[in-house]
Amino acid sequence: MNGPDDVELALRVQRGKFSLDVDIRAKSGVLVVVGPNGAGKSTLLRAILGAEKLERGTVALGGVRLEDSAARFRVPTEQRRLAYLPQGYGLFPHLNVAANLRFALRCAAPGASTSQREQQLSEAAQRFSIEALLEREPRSLSGGEMQRVALARALAIEPRALLLDEPLSALDPVARGETRAYLAQALRASALPALVVTHDRADALALAHRVIVLEAGRVTQSGDVQALASAPASAFVRAFFGDA
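With this note's numbering, the residue at position 221 of the sequence shown is 221, and numbering never jumps.
What the hints contain is simulated information worked out from the structure, not anything from laboratory work. Incorrect hints may appear among the rest.
Computed beta-carbon distance windows for the label pairs [to be verified]:
1) Ala132 - Gly242: 38 to 46 Å
2) Ala231 - Gly111: 35 to 43 Å
3) Phe92 - Asp23: 32 to 40 Å
4) Ala99 - Asp224: 36 to 44 Å
5) Pro36 - Arg127: 14 to 22 Å
6) Arg15 - Phe73: 18 to 26 Å
7) Arg15 - Gly90: 18 to 26 Å
8) Ala231 - Glu137: 44 to 52 Å
9) Ala112 - Ala202: 35 to 43 Å
10) Ala71 - Phe103: 19 to 27 Å
For each residue, glycine too, the CB sits at the ideal point set by N, CA and C.
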């Protein structure tokens with residue numbers, strides 16, 4: 001595949017005694033980040049968002065440079081146009097589904113007219129099959145429904161990349177399986193660079209174009225699932241993918 005990489009991360013973050021030092025370059029697709037607890041997976045997402053101060057390094061997504069410490073260049077978090085889905089989905093509990101979507105649309109295009117935003121809201125609701133949920137509040141939704149609404153809200157801002165932190169961890173096993181298939185389809189249909197952090201092997205197998213293994217703040221292995229399973233570089237990779 002020719003052309004520049006859609007994901008270019010070469011950064012170092014220091015937090016007390018812990019340091020995150022990664023160099024990741026990849027084409028567009030779903031990058032699944034796995035690793036033991038405390039490996040730095042969520043710290044990596046926050047660094048990409050701009051919520052962690054870089055000791056040094058660069059961040060570029062979708063061909064756009066977002067940070068370069070050597071050049072003293074940094075795009076503020078709110079201007080990076082990154083869609084971030086935290087573990088708890090991040091929906092505003094006091095707003096119904098439609099208002100949650102309107103908030104995202106208003107932030108993405110503050111100059112748009114009300115009719116334009118309503119058209120975008122309608123299109124997002126149809127795309128993610130949540131038309132029947134628009135007047136409901138998040139607390140009345142199932143886990144799978146909340147995940148769909150959160151993804152619809154994230155993509156409504158037309159982001160340059162998606163960052164998902166344990167997107168299926170709050171679901172029960174049955175809902176997790178159903179929503180996993182839906183999420184895999186949605187991520188591929190979006191054609192955006194996506195970084196997904198997960199502790200679940202089934203999630204990694206279903207979602208990943210490429211897997212990044214992070215251990216103690218370092219990338220210890222990367223590649224497709226077959227490559228990692230056939231030649232694990234660490235005990236963690238062997239246990240995680242050994243019989244995949």
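CB-CB spacing for Gly242 and Ala132 relative to the 38 to 46 Å hint = Taking Cβ atoms as reference, Ala132 and Gly242 lie about 43 Å apart, which means the hint holds.
Lying within 18 to 26 Å: is that true of the beta-carbon distance Arg15 to Phe73?
-> holds (22 Å)
Assessment of proposed distance window 35 to 43 Å (beta carbons of Ala112, Ala202) | holds (39 Å)
C-beta pair Ala231, Glu137: status relative to the range 44 to 52 Å that was hinted | At roughly 49 Å between Cβ atoms, Glu137 and Ala231 fall inside 44 to 52 Å, so the hint holds.
Note whether the CB distance of Pro36 and Arg127 lies within 14 to 22 Å or breaks it.
-> At roughly 36 Å between Cβ atoms, Arg127 and Pro36 fall outside 14 to 22 Å, so the hint is violated.
Given the range 35 to 43 Å, decide if the beta-carbon distance of Ala231 to Gly111 lies inside it.
-> Taking Cβ atoms as reference, Ala231 and Gly111 lie about 52 Å apart, which means the hint is violated.
Is it true that Ala71 and Phe103 lie within 19 to 27 Å of each other by Cβ?
-> Given about 33 Å between the Cβ atoms, the range is violated.
Could one say that the CB atoms of Ala99 and Asp224 fall in the range 36 to 44 Å?
-> Hint holds: Cβ distance 41 Å, inside 36 to 44 Å.
So the hint says 32 to 40 Å: do the beta-carbon atoms of Phe92 and Asp23 match that?
-> holds (36 Å)
Taking the beta carbons of Arg15 and Gly90, is their distance inside 18 to 26 Å?
-> Between Arg15 and Gly90, where Cβ atoms are some 22 Å apart, the hint holds.
Comparing the model with each earlier hint shows violations of hints 2, 5, 10; every other hint is respected.
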